Amino acid sequence: MNLRRDVFQAIADPTRRAILLLVASQSMSAGAIASNFNTARPTVSKHLQILTECRLLEQEQNGREIYYHLNPQKFKEIAEFIEPFRQFWDDRFNKLETIMKKYPQ
Amino acid sequence: MEQKTKVNAESGKQELEITREFNLPLDLLFKAYIMPEIIEQWMGTKVLKFENKKHGSYQFETVDAKGNKVFGANGVIHEIVPNKKIIRTFEMDSTPFGVQLEIYEFEQLADNISNLKMHVIYESVEQRDQVLKLPFAQGINMAHNRLEEVANKIK
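Protein sequences, first through last, are from chains A and B.
Residues in the first sequence are numbered from 3 upward in steps of one, following this note's numbering.
Residues in the second sequence are numbered from 475 upward in steps of one, following this note's numbering.
These are calculated hints, taken from the structure and not from any lab test.
Source: prediction; values computed, not measured.
All C-beta atoms, glycine included, are put in the ideal place defined by N, C-alpha and C.
It cannot be assumed that every hint is accurate.
[Unchecked claim] With a straight-line cut-off of 20 Å between C-alpha atoms, the simulated EDC-like cross-links for lysine to aspartate or glutamate are:
| hint | chain 1 | residue 1 | chain 2 | residue 2 |
| --- | --- | --- | --- | --- |
| 1 | B | K528 | B | E579 |
| 2 | B | K487 | B | E600 |
| 3 | A | K104 | B | E514 |
| 4 | B | K607 | B | E495 |
| 5 | A | K97 | B | E511 |
| 6 | B | K480 | A | E79 |
| 7 | B | K527 | B | E576 |
| 8 | B | K478 | A | D92 |
| 9 | A | K48 | A | E79 |
| 10 | B | K520 | A | D93 |
| 11 | B | K505 | A | D92 |
| 12 | B | K478 | A | E99 |
| 13 | B | K607 | A | E85 |
| 14 | A | K97 | B | E495 |
| 15 | B | K559 | A | E99 |
| 16 | B | K591 | A | E85 |
| 17 | B | K559 | B | E525 |
| 18 | A | K103 | B | D501 |
| 19 | B | K487 | B | E576 |
| 20 | B | K607 | A | D8 |
| 21 | B | K487 | A | E79 |
| 22 | B | K527 | B | D538 |
[Said to hold, decoys possible] Okay, the calculated bits of chain B under chain A, using three or more residues with CB under 8 Å as the criterion:
| hint | stretch |
| --- | --- |
| 23 | 479-488 |
| 24 | 495-507 |
[As the list claims (entries may be wrong)] Have a look at the derived ranges for each label pair, beta carbon to beta carbon:
| hint | chain 1 | residue 1 | chain 2 | residue 2 | range |
| --- | --- | --- | --- | --- | --- |
| 25 | A | T100 | B | I595 | 37 to 47 Å |
| 26 | A | H71 | B | K487 | 18 to 28 Å |
| 27 | B | H529 | A | I68 | 56 to 66 Å |
| 28 | A | I101 | B | G541 | 21 to 31 Å |
| 29 | A | D15 | B | K591 | 26 to 36 Å |
| 30 | A | P44 | B | H529 | 26 to 36 Å |
Starting from the given sequences, assemble the full structure and let the hints guide the process.
Next comes the structure, spelled out in structure tokens:
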């Protein structure tokens with residue numbers, strides 16, 4: 003019942019987060035990424051597939067190898083998704099502050 | 475400018491932390507959390523029940539102009555230490571978000587400055603992320619619209 007790949011589901015996994023950290027500084031081939039983990043190569047491939055499907059990673063063909071790099075636009079979306087929630091609380095707390103400043107001591 | 479309200483929600487965790495510094499003395503900040511008539515004002519909901527004690531429970535409800543229930547929440551107070559700490563559960567009625575555990579820590583930073591740290595633990599990572607993705611902006615607009623309605627009636 004996986005209707006669509008969810009970014010938050012993607013970054014909930016510790017191995018996938020480790021992969022994202024690895025490719026943060028440079029683009030890497032699937033083999034080079036896999037060599038950093040003790041898990042089987044197909045498992046790493048599956049993780050790369052999930053990260054690519056939700057567009058956190060982008061692929062580029064380089065000779066016979068596929069290289070992976072981060073998609074900064076998608077990361078921006080993750081950072082911004084908390085903002086409405088933060089605004090909601092900020093609004094409430096501002097109200098609380100205003101009310102209590104007028105409270106007779 | 476640094477934000478007064480901060481939300482820390484690390485990915486892959488079933489908890490989050492909200493912190494806020496208030497330009498208020500500690501006891502006033504604490505009062506805003508335990509006095510029903512004040513909770514009603516800043517939370518914008520009716521307080522049907524509020525037992526301010528260990529093992530006490532509370533119930534909030536908001537109805538629209540036609541009397542339909544638009545929001546309901548309830549919970550149990552587990553611990554309450556004046557001007558210091560509240561531990562309680564919070565559950566929104568008729569939603570799939572489950573029961574969350576809330577740990578509030580109140581702290582005096584200076585004469586008229588106090589700090590609130592709200593630690594919220596959800597039943598699962600999925601539930602926390604669902605709550606984070608609620609249409610909050612829309613909710614706030616609804617509240618503003620209601621405020622306008624009230625203001626227009628007074629005029």
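How the hints compare with the structure:
no.	hint	in the structure
1	B/K528 with B/E579	holds (16 Å)
2	B/K487 with B/E600	holds (9 Å)
3	A/K104 with B/E514	holds (15 Å)
4	B/K607 with B/E495	violated (25 Å)
5	A/K97 with B/E511	holds (14 Å)
6	B/K480 with A/E79	holds (18 Å)
7	B/K527 with B/E576	holds (15 Å)
8	B/K478 with A/D92	holds (7 Å)
9	A/K48 with A/E79	violated (23 Å)
10	B/K520 with A/D93	holds (18 Å)
11	B/K505 with A/D92	holds (18 Å)
12	B/K478 with A/E99	holds (12 Å)
13	B/K607 with A/E85	holds (10 Å)
14	A/K97 with B/E495	holds (13 Å)
15	B/K559 with A/E99	holds (19 Å)
16	B/K591 with A/E85	holds (18 Å)
17	B/K559 with B/E525	holds (16 Å)
18	A/K103 with B/D501	holds (12 Å)
19	B/K487 with B/E576	holds (15 Å)
20	B/K607 with A/D8	holds (12 Å)
21	B/K487 with A/E79	holds (18 Å)
22	B/K527 with B/D538	violated (30 Å)
23	479-488	holds (count 6)
24	495-507	holds (count 7)
25	A/T100 with B/I595: 37 to 47 Å	violated (29 Å)
26	A/H71 with B/K487: 18 to 28 Å	holds (26 Å)
27	B/H529 with A/I68: 56 to 66 Å	holds (59 Å)
28	A/I101 with B/G541: 21 to 31 Å	holds (26 Å)
29	A/D15 with B/K591: 26 to 36 Å	holds (28 Å)
30	A/P44 with B/H529: 26 to 36 Å	violated (53 Å)
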